[in-house]
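Visitor: The task is simple: from the sequences and hints, build the whole structure.
Those sequence lines, one after another, are chains A and B. For the first sequence, position 79 (counting from the first letter as 1) is numbered 79 according to our numbering, and the numbering increases by one without interruption. Quick note: to get our numbering, add 585 to the position in the second sequence (first position is 1).
These are computed hints drawn from the structure, not numbers from a lab. Any given hint could be a false lead.
To be verified - Covered stretches of chain B (chain A as the covering partner; in silico rule of three or more C-beta atoms under 8 Å from a C-beta of chain A):
1. 830-837
2. 1013-1024
3. 1093-1103
4. 1127-1138
5. 1141-1152
6. 1163-1170
The C-beta atom is built at its ideal place from N, Cα and C for all residues, glycine as well.
Number of protein chains: 2
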Amino acid sequence: MPQYQAPLTDFAFLLNDWLQIDEHYQRINAAGMDSELALEVLNQGAKFAEGEIAPLNQSGDEQGCRLVDGNVATPDGFAAAYHTYIANGWNAMLGDPNYDGQDLPYSIAIPVHEMLNSANLSWRLTTMLTESTVLALTKHASQALKDIYLAKVISGEWTGTMNLTEPHAGTDLSLLSTKADPNDDGSYAITGNKIFITAGDQDWTNNIVHLVLARLPNAPAGVKGISLFLVPKFMVNADGSLGAKNSVSVGSIEHKMGIKGSPTCVMNYDDAIGYLVGEENAGLACMFTMMNDARFQVGLQGLGIAEASYQGALTYAVERLQSRAPQGIQAPEQKADPIVFQPDVRRMLLTQRALTEGSRALSMLYAKFMDIEKYTDGEEQAHADHVIAYLTPVCKAFFTDMATEVSNYGIQVYGGHGYIREWGMEQLVRDTRIAQIYEGTNGIQAADLIGRKLTRSNGTMMQATHDVFTDIANNITVAANQQQAHALLAEWHNLSQALLEANAEHCAAVACDYLNYVSYTLIGVLWLSMLDTLPNTANRAYAKGKIKTGEFYLSNLLPRAQLHKQAVEQGANAVNATELSDFIG
Amino acid sequence: MPQYQAPLTDFAFLLNDWLQIDEHYQRINAAGMDSELALEVLNQGAKFAEGEIAPLNQSGDEQGCRLVDGNVATPDGFAAAYHTYIANGWNAMLGDPNYDGQDLPYSIAIPVHEMLNSANLSWRLTTMLTESTVLALTKHASQALKDIYLAKVISGEWTGTMNLTEPHAGTDLSLLSTKADPNDDGSYAITGNKIFITAGDQDWTNNIVHLVLARLPNAPAGVKGISLFLVPKFMVNADGSLGAKNSVSVGSIEHKMGIKGSPTCVMNYDDAIGYLVGEENAGLACMFTMMNDARFQVGLQGLGIAEASYQGALTYAVERLQSRAPQGIQAPEQKADPIVFQPDVRRMLLTQRALTEGSRALSMLYAKFMDIEKYTDGEEQAHADHVIAYLTPVCKAFFTDMATEVSNYGIQVYGGHGYIREWGMEQLVRDTRIAQIYEGTNGIQAADLIGRKLTRSNGTMMQATHDVFTDIANNITVAANQQQAHALLAEWHNLSQALLEANAEHCAAVACDYLNYVSYTLIGVLWLSMLDTLPNTANRAYAKGKIKTGEFYLSNLLPRAQLHKQAVEQGANAVNATELSDFIG
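Guide: So, in structure tokens, the structure goes:
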């Protein structure tokens, strides 16, 4: 199994040369932040990812999680790595400084998150959910709840979970039936069953903070009758010490395709004591405040896996000797040439790399706007909000779809060995597959993009994003490339505007194609922009390969946008012409 | 987990209405064969696949294979199902009647093989390899070897294996180093290690016939020095009884992503006694005679899995209630509508079905030409040979690539449940993934198509295939459809002709795109042809849904051909502009 190495050179290029992060921090008044700090954090993050959790990735998959006397046992080494992680403050990177958080910019934290995903997605998941819990409590919990819980989930002394899904209520949360009955003391008795709960239990910490969606008595039907509750695994006394075990239990651990090192639990709440977070019946709104973050983070999981798969495939392609290259003998001293000289293998490697690095550029642009949203206010913040809203489903769905493609190429480059577990390439395919599903399936992301983000905002969010990409295009110095970028943006604008007139059924049928069209187009503009920056980059060897990769993207991958455009324009008819009887006739 | 039901209606349409199999059998003088017999065999095959092996698919995956005291133990029930299979003669469908084979046409056997793959790919694999062994012995073994072994592998009393791959010699067989030293009695002592040997051992039969590639002393280097040997697990006495155990042993069973019910073995040959099959140093030629068959059979694995995944997804989509359909409430008596009413779910289901049924049409056309090759001679047989040679890599690679896409849609329709093992959808993704790799990776298939089949035959095989599809197009009665079919064929012809001028490096870079271009185009012509036949089909309910599916293929999937065409024309430059230092700089 190839050793993961964090792509620090690529991050340095993106931060320093492409995003010009020092000017960015200055402009948004991110006090004390600069590129030196950023790269130092990334270096340390790389050490942790490469040295502490990457070595546990394969053994975690093989060992999986077990339920022992009602308690979850995670794979060997996972808990110890977590204790190192929180001791070194990684869990607190984004936390509120009033509760001992480090309050770092997203442009510093997000590269570290990508590395964690590359190194060990199963391990990373628990901390990601804890960060979502932090966000929810920071934005919506009462002062009293914050004072008890927030510092401990920021430091990682306790982890957090998100309890939304029920067996009959997945995509459609309006169907959920877990109930919350008021107790006399102002708390609530929570009763119901939740499924697919990541890290519903673990053996890392002595308490867990569950956030649970439930219905109050006489709450309105549908999503407007859902409230959010904090349900601790162990009750917390006034002095912060732990009290009795709450009535929360793990029913079982799911047997999954992948992320086997992450305990996905069926949770039973049986008159468990919970505390209201936010307003009554506003639980879904609370959830939505962290949806952008969680969905982007899932996109980042795809990106991390794609990087790991590309690295594995490249390592193998350089080592594996089979046949002679069609362009002529490359390694005359060997019995055969390394397969990296096979054009078809190069095509696969370039596809992996161009999709991965193009997606990484988009993720770092996203991080930049998360910073702007965090450090500015007023119009600038509102504009950043719009950009983030539009790009969130794009990042979530595109990065995870492309990760499935990229990691399957990773298997293919290995040939038969790619299918054998010990080589580690098939695990990446299995692990990343869930990212296309959770936090809203990619179909739901596409519906979100074409619905809430495009048509229901009457194009406002698209326009805000268009402004950003127009600025990027304006900065491209090579005239032909600038022209191409503007042409791409005009086409995207026109296609999006045309959809404002389409009905809901039409939009639903073409939503995934619209999302893919947008993704390939915008990443195309980013590659044109990076191709403009790369000739001035100090690391010439790195720049040379990346320029070739960008040119490959433009000639061999960007054309996919046209296929999706055609489907957006003409693909709805054949879908919507069908009746139920056409399927079950 | 949804119950597999063999697509007998679709097979009946393809055989009776579309291929007009009665006229076909008459024309090629397939004595005693008619559509009544064909459908009766298919009915019985469906019963076996649905009733005997489909129920073992999931348990076989969970249980896997074990090595106990050097012997392979297969999952519970696998051996008993095999004994039923051979008792009912299924193993002998295609066998030589001189050795108790049934000598059925391919157009009858291939649908049964597809069903076996849908029902339980792991179980099916062993019998597929035995059929390859039968083919090799029938065509190349001496009379003496045939008399001892052939009837037993045709009946299935013994199974067969193919031993090609060695750790350092996968795609490149020229590197293989297993050696064969002549013994005094005319046999050979075989010594070496083979990997990835399907059913290298099993607990189904009392003997196994291994076919092993090895080098004679002083054999020429490379592939021209490889010979084929028959190595029995147990020696066979003159009276047919079993003698001593041969020096063949299983080193280990591979831990794989899928097909876990199939024992993939590391085999050790240590002066094992073997017998030459065919001429000295002609082992690769012997292998090539069964390559078409084995590669097509792997394609059929993809087709079978795709069908199983589509059935599972459709069943779930009709049952699962989530949200309301965007076009309006569909099930007012329920709290939500079945997701089959969601346009995006329909898009996924239609993609699954259109790819699967389009591929099935191509597989049955292939079967028709296998029949022609079997029952005719002279020019007609040579023409069929060319068509089969051209279509083999197309079927192998396209069916298995599309199966990965289709089975991933199967997961996606299920949402989170698709990722959970008990629902069975993720197993299909894991099981089919190997089919893109073994019997030559799909990259090798593409190289075979654009190399040996297209350019090295100077277009002859493509032209023969073009003749066949031109006949099909000529029979389309709707003028616009006929015109479209001819336009597709002209474009394919021109693109192929242009490649005859391209150099090897260019062809290698665009080979996969050429294969995909050809696949989408030819299947497009077949859908146009089926759309012409369907209005005259007796089963109106079936025809209505299939017509919608064909129209979806033409509007939503056929455009993919243009993307691949563009890559064939323009995609080589960016690939071949790269140097090694661009990847490892």
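Visitor: Mind listing which of the numbered hints don't hold for this structure, in increasing order?
Guide: Of the numbered hints given earlier, the structure breaks just one, which is hint 1.
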